[in-house]
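Number of protein chains: 2
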Amino acid sequence: MTRFRLLHKSSTCAARCGELSTLHGPIHTPVFMPVGTQATVKGVLPEELEALGARIILGNTYHLFIRPGHELIRSLGGLHAFMHWQRPILTDSGGFQIFSLRELARITEQGAEFRSHLDGSRLFLSPEDAIHVQEALGSDIMMVLDTCIPYPAGREEAARATALTGRWAARCKAALSGTGQLLFGIVQGGMYPDLRRESANELVETGFDGYALGGLSVGEPKELMLEMLEATVPHLPADHPVYLMGVGTPEDLVEGVYRGVDMFDCVMPTRNARNGMLFTSRGRLVIKNARYREDPRPVDEECTCYTCRHFSRAYLRHLFQSREILASQLNSIHNLHYYCALMAAMRRAIAADRFDDFRRRFYAQREVPA
Amino acid sequence: MTRFRLLHKSSTCAARCGELSTLHGPIHTPVFMPVGTQATVKGVLPEELEALGARIILGNTYHLFIRPGHELIRSLGGLHAFMHWQRPILTDSGGFQIFSLRELARITEQGAEFRSHLDGSRLFLSPEDAIHVQEALGSDIMMVLDTCIPYPAGREEAARATALTGRWAARCKAALSGTGQLLFGIVQGGMYPDLRRESANELVETGFDGYALGGLSVGEPKELMLEMLEATVPHLPADHPVYLMGVGTPEDLVEGVYRGVDMFDCVMPTRNARNGMLFTSRGRLVIKNARYREDPRPVDEECTCYTCRHFSRAYLRHLFQSREILASQLNSIHNLHYYCALMAAMRRAIAADRFDDFRRRFYAQREVPA
Numbered sequence: 524m525t526r527f528r529l530l531h532k533s534s535t536c537a538a539r540c541g542e543l544s545t546l547h548g549p550i551h552t553p554v555f556m557p558v559g560t561q562a563t564v565k566g567v568l569p570e571e572l573e574a575l576g577a578r579i580i581l582g583n584t585y586h587l588f589i590r591p592g593h594e595l596i597r598s599l600g601g602l603h604a605f606m607h608w609q610r611p612i613l614t615d616s617g618g619f620q621i622f623s624l625r626e627l628a629r630i631t632e633q634g635a636e637f638r639s640h641l642d643g644s645r646l647f648l649s650p651e652d653a654i655h656v657q658e659a660l661g662s663d664i665m666m667v668l669d670t671c672i673p674y675p676a677g678r679e680e681a682a683r684a685t686a687l688t689g690r691w692a693a694r695c696k697a698a699l700s701g702t703g704q705l706l707f708g709i710v711q712g713g714m715y716p717d718l719r720r721e722s723a724n725e726l727v728e729t730g731f732d733g734y735a736l737g738g739l740s741v742g743e744p745k746e747l748m749l750e751m752l753e754a755t756v757p758h759l760p761a762d763h764p765v766y767l768m769g770v771g772t773p774e775d776l777v778e779g780v781y782r783g784v785d786m787f788d789c790v791m792p793t794r795n796a797r798n799g800m801l802f803t804s805r806g807r808l809v810i811k812n813a814r815y816r817e818d819p820r821p822v823d824e825e826c827t828c829y830t831c832r833h834f835s836r837a838y839l840r841h842l843f844q845s846r847e848i849l850a851s852q853l854n855s856i857h858n859l860h861y862y863c864a865l866m867a868a869m870r871r872a873i874a875a876d877r878f879d880d881f882r883r884r885f886y887a888q889r890e891v892p893a
Numbered sequence: 524m525t526r527f528r529l530l531h532k533s534s535t536c537a538a539r540c541g542e543l544s545t546l547h548g549p550i551h552t553p554v555f556m557p558v559g560t561q562a563t564v565k566g567v568l569p570e571e572l573e574a575l576g577a578r579i580i581l582g583n584t585y586h587l588f589i590r591p592g593h594e595l596i597r598s599l600g601g602l603h604a605f606m607h608w609q610r611p612i613l614t615d616s617g618g619f620q621i622f623s624l625r626e627l628a629r630i631t632e633q634g635a636e637f638r639s640h641l642d643g644s645r646l647f648l649s650p651e652d653a654i655h656v657q658e659a660l661g662s663d664i665m666m667v668l669d670t671c672i673p674y675p676a677g678r679e680e681a682a683r684a685t686a687l688t689g690r691w692a693a694r695c696k697a698a699l700s701g702t703g704q705l706l707f708g709i710v711q712g713g714m715y716p717d718l719r720r721e722s723a724n725e726l727v728e729t730g731f732d733g734y735a736l737g738g739l740s741v742g743e744p745k746e747l748m749l750e751m752l753e754a755t756v757p758h759l760p761a762d763h764p765v766y767l768m769g770v771g772t773p774e775d776l777v778e779g780v781y782r783g784v785d786m787f788d789c790v791m792p793t794r795n796a797r798n799g800m801l802f803t804s805r806g807r808l809v810i811k812n813a814r815y816r817e818d819p820r821p822v823d824e825e826c827t828c829y830t831c832r833h834f835s836r837a838y839l840r841h842l843f844q845s846r847e848i849l850a851s852q853l854n855s856i857h858n859l860h861y862y863c864a865l866m867a868a869m870r871r872a873i874a875a876d877r878f879d880d881f882r883r884r885f886y887a888q889r890e891v892p893a
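Protein chains in written order, with our numbering: chain A, 524 to 893; chain B, 524 to 893.
Simulated from the structure, these hints should not be mistaken for laboratory data.
Accuracy of the hints is not assured; some may be wrong.
Simulated crosslink set (BS3-like; lysine-lysine; CA at most 27 Å straight-line) [claimed, not checked]:
| # | chain 1 | residue 1 | chain 2 | residue 2 |
| --- | --- | --- | --- | --- |
| 1 | A | Lys745 | A | Lys532 |
| 2 | B | Lys565 | A | Lys811 |
| 3 | A | Lys565 | B | Lys745 |
| 4 | B | Lys811 | A | Lys565 |
| 5 | B | Lys532 | B | Lys811 |
| 6 | A | Lys565 | A | Lys811 |
| 7 | B | Lys811 | B | Lys565 |
Keep in mind that this is a model prediction, so the values were computed, not measured.
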């Protein structure tokens, strides 16, 4: 049984709209998920997230496993109650973070041995553990534990890691205890189209509630990422959601949707906000630039977010230069609103079957076309 | 003409309730003013300030003069529009900050020469400049430029600085250009009761919209501060507001009100919030303490603030340990709410003429009586 209902499909490309049912209500796709690594989307209150249009957020299993611990979160009513967010949450499996530890991690058939980035203590996570942790967190969508592949990687290394990811995925599914939480598989395969295809086929055979593309946006050229997307998405069942993990720029979202992606997450809107880089309909704006010193205009004159409704570029520049916390808060609200509004605009364009037109105008509007 | 209307007076002590009219509406006293040094109360949005009960905030002339500059703020519609806060604002004169620069500042009859703490550039502020800057900022209540006195200080030094403060205060008043902004004088006098009395008398003769006590809480014993309060307040006109600058702890607010103080400001609630120290009806709570690791209770079970309504001590501890921005946000909301609610409770107690009873119960409720 699929929890995903296809609502609209572009007649000219792979873009589509759908509705995914979760324990905490439906999500309309394509959707962007703000990242709340440590049980908070940095600098933004839950009510603000809601107001700026976020409908599902992402939590990081690796971080929450290490601190404050999944059993603590379970005892306090789960991640939703802990962080006061009642809409859906997707948790990653920790695979990517463990992979990022590099020399601090060792992968075996059994699972991942690694050292905590906080205190160096030895830890272990098996595919079954990853499910138990995510069940304790109580997320709406769980991800299988996967093994990431560096870029570049030789074919043999990529094949070996991809095969292991497939076996781990099956173990994750077998470990489910029937909580009603959804479980997504993760397609690996490095930059080898045939390995991606094999990985997709194997996961589909095992059967998941949705399918993610992992190991992309890891340093490869943009065209290669899009090529991998094109090599994979057609091999996934059309009645299941497709999630492109950890991607990306506004341009990446448009290109992903164009190729059939339904879900995205990325730290870029919040991280860049804290660094003073703001997304606008005309491109990027670096708020510390001297040209904004006396600028009374909002960040984006077409934007309806809280920040743009009440504050000038001059004020935001002052806050950033003064290293005020409020700079991170207001910039994060704006950037997340930009991302969520972009997804909403894409949903409307797909529903009206004018996504190609939307995509053309998206680029035309920007000062520096991608 | 006084803009201050006395509403209630305790029959057993100097505590009183009043209403002060300003260009941005009335303020009910006694009142606490959250500090918004750089055109933001650190970590708190204007709407949140409003919701937690703040009715007037303080801006720092010294900081805004240096960055982003008062002329820039004037050109953007004044401090209220710049920072999106439409209720009253009091601006200090910069005297205390310049005094705090110590070796970077030199005081002459003409004014204060000092170096910017940001880039070391040479700057000068006369009493007339302090008024012009505050008129450009457009605050509701301006403060005269004063010369602070270190603690301890010899009688001669204190007398000299106090006399200069008196002459500067008269020059500030003469420099007013009729904007309707209120101007408060500042009583100095170090820790010498007779100098405090002389300073008060001289300022009252010049005539101001309100009177502040400066140079207190600068390292002297608490009893000495209270003694100075008692030596000064009776010499100020009862139909004008009394403002105790830069003070203090919850206990200080209660003792100040008891002795006739109407207005307070202090960085303590926000600064301590960022350091994880929370104020509660039962005393102080250090959120990083291991005992709160699994504590599902709110910070203060009697508190109705946003933070206490939605988050556990365990969550706040996790945020603080994880160095998350949200820790500063939620802790600041709680502490400022505590301060504002404490003032509101004092206003109610005075109106019912049971302030002595309130004060007794305030101490009885605390784990560690002051």
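Task: Hint numbers contradicted by this structure - done: 3 and 5
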